[in-house]
Amino acid sequence: MFSHFAAANVIPHRWAYWSSMSQQARCNEPAFGYLSAVESADLGYFGGYLIVSQLGRPLEFHCSAPIRPNRAQQILYGPTLESYLLGEQIGSSLLRAAKITPKVIFTDSEGLLHARELIGVPMALVLPADRPASRLTRSHISLEAIKLHIPLGYEQDETPIASSLDLIMRRVDLAEPFGRIHEAIREAQRIGSVSNEAHEQAA
Amino acid sequence: MNKLPKIENTPMFSWIAERDDIDPGKLRVLRALSLPAEPVCLGSSNSSLSDGVHIGPRDFELGLAGVASNTFDAPTIKTYGYTFYQCNERELVPRSTPERNIARNQCPATEGSADGAGTADITPTAIEGQYTRLKPPRDLIKLEDRLRLLLQPPLESLLATSELRFPFRPFHFQLDGIAFLYPRDQAVLADEMGLGKTMQAITAIRLLIHHDQLRRVLLVCPKPLVSNWQREFARWASELPLTTIEGNPARRQWLWRSASDAVTIANYETVMRDRDDVCHPDNYYDLVVLDESQRIKNASSTTNEITRSIPRGRSWALTGTPIENSVEDLRGIFEFISPGQLEAKMKPREVGRVVADYVLRRTKDQVSIDLPPKLFRDADVVLSPEQAEAYRLAEDEGVVHLREIKQQLTIQHVFELVLRLKQICNFDPATGASSKFERLEADLEECAASGRKAIVFSQWVQTLAELRRRLERFHPVEYHGQVPSRQRDGVIERFRDDSNCHLILMSYGAGSVGLNLQFASYVFLFDRWWNPAVEDQAINRAHRIGAKRSVTITRFLALNTIEQRIHDVLQRKRELFEIVFGENMSAASSGLTREEIFSLFKLDDGEAAVKAA
Numbered sequence: 001m002f003s004h005f006a007a008a009n010v011i012p013h014r015w016a017y018w019s020s021m022s023q024q025a026r027c028n029e030p031a032f033g034y035l036s037a038v039e040s041a042d043l044g045y046f047g048g049y050l051i052v053s054q055l056g057r058p059l060e061f062h063c064s065a066p067i068r069p070n071r072a073q074q075i076l077y078g079p080t081l082e083s084y085l086l087g088e089q090i091g092s093s094l095l096r097a098a099k100i101t102p103k104v105i106f107t108d109s110e111g112l113l114h115a116r117e118l119i120g121v122p123m124a125l126v127l128p129a130d131r132p133a134s135r136l137t138r139s140h141i142s143l144e145a146i147k148l149h150i151p152l153g154y155e156q157d158e159t160p161i162a163s164s165l166d167l168i169m170r171r172v173d174l175a176e177p178f179g180r181i182h183e184a185i186r187e188a189q190r191i192g193s194v195s196n197e198a199h200e201q202a203a
Numbered sequence: 001m002n003k004l005p006k007i008e009n010t011p012m013f014s015w016i017a018e019r020d021d022i023d024p025g026k027l028r029v030l031r032a033l034s035l036p037a038e039p040v041c042l043g044s045s046n047s048s049l050s051d052g053v054h055i056g057p058r059d060f061e062l063g064l065a066g067v068a069s070n071t072f073d074a075p076t077i078k079t080y081g082y083t084f085y086q087c088n089e090r091e092l093v094p095r096s097t098p099e100r101n102i103a104r105n106q107c108p109a110t111e112g113s114a115d116g117a118g119t120a121d122i123t124p125t126a127i128e129g130q131y132t133r134l135k136p137p138r139d140l141i142k143l144e145d146r147l148r149l150l151l152q153p154p155l156e157s158l159l160a161t162s163e164l165r166f167p168f169r170p171f172h173f174q175l176d177g178i179a180f181l182y183p184r185d186q187a188v189l190a191d192e193m194g195l196g197k198t199m200q201a202i203t204a205i206r207l208l209i210h211h212d213q214l215r216r217v218l219l220v221c222p223k224p225l226v227s228n229w230q231r232e233f234a235r236w237a238s239e240l241p242l243t244t245i246e247g248n249p250a251r252r253q254w255l256w257r258s259a260s261d262a263v264t265i266a267n268y269e270t271v272m273r274d275r276d277d278v279c280h281p282d283n284y285y286d287l288v289v290l291d292e293s294q295r296i297k298n299a300s301s302t303t304n305e306i307t308r309s310i311p312r313g314r315s316w317a318l319t320g321t322p323i324e325n326s327v328e329d330l331r332g333i334f335e336f337i338s339p340g341q342l343e344a345k346m347k348p349r350e351v352g353r354v355v356a357d358y359v360l361r362r363t364k365d366q367v368s369i370d371l372p373p374k375l376f377r378d379a380d381v382v383l384s385p386e387q388a389e390a391y392r393l394a395e396d397e398g399v400v401h402l403r404e405i406k407q408q409l410t411i412q413h414v415f416e417l418v419l420r421l422k423q424i425c426n427f428d429p430a431t432g433a434s435s436k437f438e439r440l441e442a443d444l445e446e447c448a449a450s451g452r453k454a455i456v457f458s459q460w461v462q463t464l465a466e467l468r469r470r471l472e473r474f475h476p477v478e479y480h481g482q483v484p485s486r487q488r489d490g491v492i493e494r495f496r497d498d499s500n501c502h503l504i505l506m507s508y509g510a511g512s513v514g515l516n517l518q519f520a521s522y523v524f525l526f527d528r529w530w531n532p533a534v535e536d537q538a539i540n541r542a543h544r545i546g547a548k549r550s551v552t553i554t555r556f557l558a559l560n561t562i563e564q565r566i567h568d569v570l571q572r573k574r575e576l577f578e579i580v581f582g583e584n585m586s587a588a589s590s591g592l593t594r595e596e597i598f599s600l601f602k603l604d605d606g607e608a609a610v611k612a613a
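Sequences listed follow chains A and B, in order.
So in my numbering, the last spot in the first sequence is 203, and the numbers never skip.
So in my numbering, the last spot in the second sequence is 613, and the numbers never skip.
Source of the hints: derived by calculation from the structure; they are not laboratory data.
Computed from a predicted model, the values in this text were never measured in an experiment.
Possibly wrong hints are sitting among the right ones.
[As the list claims (entries may be wrong)] Computed beta-carbon distance windows for the label pairs:
id, chain 1, residue 1, chain 2, residue 2, range
1, B, Lys-6, A, Pro-132, 20 to 28 Å
2, B, Thr-302, A, Asp-166, 54 to 62 Å
3, B, Arg-486, A, Arg-170, 44 to 52 Å
4, A, Ser-142, B, Arg-494, 56 to 64 Å
5, B, Ile-141, A, Arg-170, 31 to 39 Å
6, A, Ser-163, B, Arg-165, 48 to 56 Å
[Unchecked claim] Straight line, CA to CA, 30 Å or less: simulated DSBU-like cross-link-like pairs of lysine-lysine:
id, chain 1, residue 1, chain 2, residue 2
7, B, Lys-223, B, Lys-548
8, B, Lys-6, A, Lys-99
9, B, Lys-364, B, Lys-548
10, B, Lys-3, B, Lys-223
11, B, Lys-135, B, Lys-347
12, B, Lys-6, B, Lys-135
13, B, Lys-3, A, Lys-99
14, B, Lys-78, B, Lys-6
15, B, Lys-78, A, Lys-99
16, A, Lys-103, B, Lys-3
17, B, Lys-135, B, Lys-3
18, B, Lys-347, B, Lys-374
19, A, Lys-99, B, Lys-142
20, A, Lys-103, B, Lys-135
21, B, Lys-548, B, Lys-374
22, B, Lys-364, B, Lys-142
23, B, Lys-78, A, Lys-103
24, B, Lys-347, B, Lys-406
25, B, Lys-223, B, Lys-6
26, A, Lys-103, B, Lys-223
27, B, Lys-78, B, Lys-135
28, B, Lys-135, A, Lys-99
29, B, Lys-374, B, Lys-364
30, B, Lys-364, B, Lys-135
31, B, Lys-142, B, Lys-78
Built from N, CA and C at the ideal position, the CB exists for glycine as well.
The following block holds chain B by itself, in its conformation from the complex (with noise of 0.2 Å):
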């Protein structure tokens, strides 16, 4: 006889006593085709001669043969049963309208597939015996809904079922992804950069839609991000109508209004600026996704009212930094994703207890794929003489009239100082010099001379124009937010394609979400932002699925001066993301409140507060 499996009897109030919002009428619901936590004896004994002996009363008169009898009788074995009804396969046929296919053709290698090419079928198998299976959030209270996600197919098994196809089999890791999104109504996708957020969202929506149970979604994303969401869902889910909401005013609204496809896609600020259409309360979507929703971390912002005001079904968030300032920016983000869930005076660990089940996180190191190592050098450069003097100066002056301003000082001041110390710590304004270009200089020699490609970060476009110039024997291409929109994508293009372009010069603003750079193997960082979530998106459009070469990031920073105290003052307070996000959280998101904004120049916040606030 073969072993039957075990189950262990799971502790009574496992999740549910942790849970204050279940009212106890509605407990009664659980009760809805749940088992007894007491077995029915088989025959007629009601009563325990002892421990494992169960012999009825009316035993004990009929002796041995009343027993024998008794365990004879036919049990009443109580069942409990549930149908399902199975859901319509929507017919989407793929388009195969000449812009598709152009965007197709043009799409440059993304995650996990820097050839681009080929396509696969999710065939129902298992990955090292493991499959994908669905598994129902807390907040699903009904066990028949429970049941019926437990019960479907595991995700190999529905991705092969609906004939999709992909241009590659999905990682185990972007599966479990999809995994959590599908049964979710309100989810935040968490991944660290370069994991494939979009593909897993974009598959995840397919899925919905094939399975009837999405209709229209709206994507809401950064203005740069649209031309890539656009690749990726002819890349992934070419089968899906899109519409993206852009144009004037008059046809945004008429977009707005008749947009029929089962996608549509807009920017922050074209929602912003159509709210009335976007919210009208007859405008119903039953899935709205933002994409690095970091932009509505500030919950009394106009763009998170906005966005919370969207009448919607589910709610999704995608974004590598939950964190960038304090557990505050997540607030903000489940203003959208759940109002009320994180209440404003919570501490850390409570807000990581209250949103694991919503949020799901995984850095590229706790997931097992094969890439290539990311290697930090930190650049540590000393000013040249004309720089360090010109910065002694400037600092001096600076102080004395932050100090001179007293009741009139404002923070603004106080950044005034710090980015004009930090432009003079690139390049000295006077004489040109710059320690830090020479040391650039000499690391893009070498990285040209092995036929490699380098990115270059800097947070002013001035900077990157002064590099241009000087580095214009590198064939150099600039990205940031000067390159008009529609120009972006060819800069990319020539960037890739181009094999005398060693160098592609972006901004912080422009460059560092949503780009697929993974054929660059350099990466140098001239100046450093304000926050290391940041900086972190910026090396990861180079260090991503798909990278085939180690990606060595170089970081500079001058001694001794502004950078080294805002640098000293972040490296403390890497620890908030891992309080909130577990222990094996690597990603450092903590930028720079104000107080340590100025206590930079050692100068008193207090007389200030009320000013700057």
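This is chain A alone, in the form it adopts within the complex (with noise of 0.2 Å):
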């Protein structure tokens, strides 16, 4: 009587379904990195990473704490500033934090592009098809409503990209994933703002 049911009780917690995944053996199909940064007038830049599988389920994903360079830095770097931070800070630490290699890295940001330098793994800017093509780019790929910017001195990308479109593009609009980071770094930093406080609070 009742077998079935205990078997069910054991059921537990809704989430817990996705946790228990982590006794199973990570997925070996292949991953797709987004690589973003978002800018807050008072706290400086924050950047994402995130990591999706072929269907564009998250795999991995991390965000930098804020950064805001001083004023001497502002003036020293001018316009290299944000290719600096963004490139050789922010991007280069998310992208040694996170644990799965990509296939390719996509960014929405120019800045973000010189992380290209740091890594092995091909990269390509994802701009509106109507926006002009970057200075720091040379070649694109061009898809429907996007174009996939190819950066400098690495046109040998080109071939990898193409062919690992197939993968990801049927099931994913390529552009899609970078709304989810700003979504999550929004969403860290708030949680962020009102447990910090909360915390001084209740102390």
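Both chains come to you apart, so use the hints to assemble them.
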């Protein structure tokens, strides 16, 4: 009697189905990286790095604490400050933190494209098709509503990038995951703000 | 250089401050993975020279060279990471048993697919540049859980990647509804009737089952709607195995104990009868869905007590009328959804604030669907001389009688008089004279002549029978509590398919919920229900997604009678719903209180109160 109930009763809390997968082998399917950054007037720059499966499902997510240049740095770096901050500092920190190596890394920020010099994975700048080409890129792959710009000096990446697109494009809008990163950074920053404040009050 | 997206620094305590139920200790949980509110400055600077200029003490000694040197120190950028593991997609193969094929073939045209033909894949593309994203509910505290939801692909991608096929692409607001249900343990989907609550619930269940987050689901609905749910599951999620609890007690017990299908459907009466099996501590459901959840609006009712005793992980309620009479109705539903959330003495605005994150309510006016208009006509009729005389005598005698019985007076006595008077407003019992009928007959002539179909609602089966006798030339069919359940689908099919059948005569009780009759162009409310919400439900059988023509609703009302008095009282109460659910909510859903019922005849409720209770 109720033998099946006994089995059913061990069903854990709702999100545990996903968490329980931690016991399972990690998926060996191809992964794709999405590197992005947002700017806050008060706090500076935040970076986010999302690695998704070919179905667009999140595999890893990393975000950086906000970083703000001081006045002297702003003067000394001038127009190269953003690429220094985004590409060399934020981008490289996030890429180093990841465990999965993706087939391609997409970014929506020219500054982050500088991270290509630090890693051995092809990178592409995703821009709307009607946006002019970046001066940091020469070749591009045209898709319907977007263009994938290949960084200067890495034109050989075009072939592996193009061949990877078949794996992901049928299921995922290539530009969509950037929106997720921005939302997640907002949420992490929002919760961080309130929890810091609340924690101090509680103390 | 392209511009980066901007984010605002969220004001402190924007939402946590509103919550006094978070233990300070739990706040530590919030800190996991959250980003600090203070920025890290590049270089080794740790003090501020002036606003926006950060230079460390050492810099003063070393001068400008020192500043420049510091700027080239590699800053330590703190990163926060989370690893997700992919959920398994459950392989569910559509069943192709003859029964289910028959069920699918017989499926009447439903929401959004008046022709009922074709299927559609969801493509992972945005609608008007907007994706439907999963948003974490407020009660999801842990940041990692919140991020897990936020980082999921939009619903359009989830539906596309799950290889799910649909009879048609859901409307954008329906995707919003699915995205609302998907992450919630406790939810009330309270869309206005006709917007596709059934489809939204089925699709959310389907997705959760495919993502292996649900394994056993119990759906409880009113008995007449069981076949409707079976059809809708066949239509929207044909691969999900279903068990319907029915049959004699022994069979039902066997089904409760051995059903291993993903979804079990039972009606409220069955759940009441089989409470020992349903509520057995080992009989755990990942999700229990209550359709037409106004059935549990009375928090002290047995139905409420039993449904909230079912062992379960998630609790969803579906209703088009979350408030029928008072805010207490919503409290009854919340005793099932989230016990204790609503306290007895909360004011409507406070209730609105508390339930805001649990309830999703959209009206047809709010969603941009291209529904044809709903045209109301108030048919205010003057009673025929015979009716007027019968009415006057009955009311005079009735009121005298009520006053005579004084201490014995109960609300039931008043009800009996109201019902008797309302029946006279329909037909004079002695002569059969009826001003309403004369008007109805004329309207139906026009309806039939134009090849349209009409629904006539009454609260009495006798009235419907009399109408059938008099309107035989329109080949009417009847749908009410005295029509056996097994014959009801056939009645609906004949009304839909028989071009000579222009009329269906329905009782509010049997016909006001769950049916899809959008091929009817006229609705007549021959007599009025106590509660406008029930009338709205009746009207929305015809005026729902899939309706291709405007729907004309004729509301009969006998002037200077009890019908008008009830109408006036209800009219004054239409504001309550709006107070709780916002100004744009159009559905009126307040019934009569006992005081108001007594006041219909200017009777004093005071003496009768104890008796009535």
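>> Of all the hints numbered above, which does this structure not satisfy? Sort the numbers upward.
In response: 6, 10, 18, 22, 24, 25 and 26
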